[in-house]
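Chemist: Below, each chain spelled out in residue letters.
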Amino acid sequence: MPNPTPQIERASRPRPTVEELQEITRKLRVDTLNMIFEAQSGHPGSSFSCIDILTCLWSYVMKHDVNHPDWADRDRFVMSKGHGAPALYAVLMHEGYIPREEIHTLRQVHSNLQGHPASKYVKGVDVSTGSLGQGLSAAIGMALGLRLNNSPAHVYCLIGDGEAQEGQIWEAALSGAGHKLHNLTAICDRNTLQIDGCTENIKPLGDIGRKFDAFNWHVIEIPGHDFNKIFEALDYAKQYSNQNHVPTMIVAHTTKGKGVSFMENQAGWHGKAPNAEQMELALKDLAPETYFKRLQEAQ
Amino acid sequence: MATLSPAINLEKPEKEALRVQFGKTLAELGAQNPDIVVLDADLACSTMTKYFADAFPDRFFNQGISEADMMCTAAGLASVGKIPFVSTFALFASGRAWDQVRNTICYSNLNVKICPTHSGISLGEDGASHQSIEDIALMRVIPNMTVVVPSDAVETDHVIRWAAAHDGPMYVRLVRPNHAVIHDKATYQFEPFKIELMREGKDVTLCGTGETVYHALLAAKWLSERDGIEADVLNCAFIKPFDVDTLVQSARKTGKVVTVESHQFIAGLGGAVCEVLSEHHPTPVKRIGTMDQFGQSGKPDDLFREYGLDAQSIYESVKAFMR
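Chains as they are written, first to last, in my numbering: chain A, 357 to 655; chain B, 17 to 339.
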């Protein structure tokens, strides 16, 4: 094994209040949008639907140690919906895996912040993603390998809902249950939109939870921007899978573009950078007062 | 310098199946290295990964008929320190799962050994739907990928052992039939990344890869005996990276190069040879392979004759090329 084991096992941090989390993820949304604006390229809608989940995972659920990024028993994360990269980069920056100054380099030549996450450039990215449908299989491979190693590490994988139109997701669904994995939690970012429009008008996905249930996964459905529910689901998923040797799929019902009023529920903002005028409006929405007010109204 | 051992009788060679050797070597390696794992897509009895599966059931994953899923699962295993060997038929490993091999394995530069069997037209009776005649081309264009095509069971044994110890993505192309053994087990020394000069001549260079090395050797013997034409015969097991120096040295000496492969004559061995020579030492090249057409059902030997890949056809093609 190439990975040295640190002397001190890093436990996940104590969890903050919902209000504190809202402030953290508000700032991370600003970072994400700044990256995309400066690059004039990237996927804001797809980043904002999953950034709350990514923050919970990386900051308060997964066991990892930025000072020992190759720690063999660290929890693993696969960003199967690789186009959400800006959100992942913002979170990895917050966690110290990416130097803050790289915020200006997204999608530029010689940048570590490639358009889609690449393991060659970023610690915390173990498998490169971008071509949809492949990450869940890779996560299953990690879970199998960690099980052989008798590692306590848990594997997390985020897929998009549109991504579930790829056949390989269902090959992986069969495999994950077939291998009786006790150490895998997948999350589906169910924002109901893909580039060309509503998932249900393009290739209807229907009830994704019931489909995974039929594939013999343990399934949990949650509102995907409710921090308490996200934590509860992630904790229960791990506990259930550990005990029952069946992987868990958390279907997180999310809002594409969450946090910026004119981006919310708009397929057009799947993968488009705002212009200067739109950026100004977006930053107004992401200013604390407006942002928290809108969150309260949404409840 | 390696040459054909006098112990090898080209007219009546011993025959062994590369895939059986692959399976046995893999099982042996499995006993030595607990990090080796094997994945197959419901073809373990054909690819011979069953030897490993029987010996180490906990480290064998039958992924079912899901090649795309299998490749990415292997990538995940490699990312946590395992050494996955993946097998299925070559067409499915290279074609069906190309995007997975490119994006998840090679782009991440993960230590996955893709060792499919049943490559080329010698797959035989199942016909064109199962005969991979594009896989060398598909695999060698991917950055980070190493492509190796062993010529017989002896070389297969060495390549697989080397692959297990050498980091990085790799495609090892194996075949279905029992095939002539052209290396002496006792004396053979494997040199990675090197073209093996198996016969020395001065008039023409014959490049083979995999099964066609044997047929090129036999053709070269006849060219010498019947026509006084002396051929260099090169075993180009490493398609990528390609051993530029040895090829150029031979081409400089002979001034004529013939390539033979159980693969499309486009973008495989012939393509690699033309790329190297046109850049380093422009030389007339005759490429022999499937000439931009699909294969068909038939017995392997009959198909080799039909597509001009057997010793007699090579002999005739070389003579015509020399005129």
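Keep in mind that a hint or two might mislead.
Keeping only pairs whose Cα atoms sit at most 27 Å apart, straight-line, the calculated DSS-like set for lysine-lysine is [as the list claims (entries may be wrong)]:
no. : chain 1 : residue 1 : chain 2 : residue 2
1   : A       : K476      : B       : K256
2   : B       : K40       : B       : K66
3   : B       : K237      : A       : K536
4   : B       : K201      : B       : K269
5   : B       : K218      : B       : K237
6   : B       : K237      : B       : K269
Beyond 10 Å from chain B on every Cβ pair, some chain A residues (computed) [stated by the list, open to error]:
no. : residue
7   : D482
8   : L561
9   : N598
It is worth saying that the hints were derived from the structure and are not from the lab. Quick reminder that beta carbons are idealized off the backbone N, C-alpha and C, glycines included.
Chemist: The structure should be examined with respect to each hint, and the outcome stated for every one.
Modeler: Evaluation of the provided hints:
no. : hint             : verdict
1   : A/K476 to B/K256 : holds, 22 Å
2   : B/K40 to B/K66   : holds, 9 Å
3   : B/K237 to A/K536 : violated, 57 Å
4   : B/K201 to B/K269 : violated, 30 Å
5   : B/K218 to B/K237 : holds, 14 Å
6   : B/K237 to B/K269 : holds, 19 Å
7   : D482             : violated, 5 Å
8   : L561             : holds, 19 Å
9   : N598             : holds, 18 Å
Checked against the numbered hints listed earlier, the structure breaks hints 3, 4 and 7; every other hint is satisfied.
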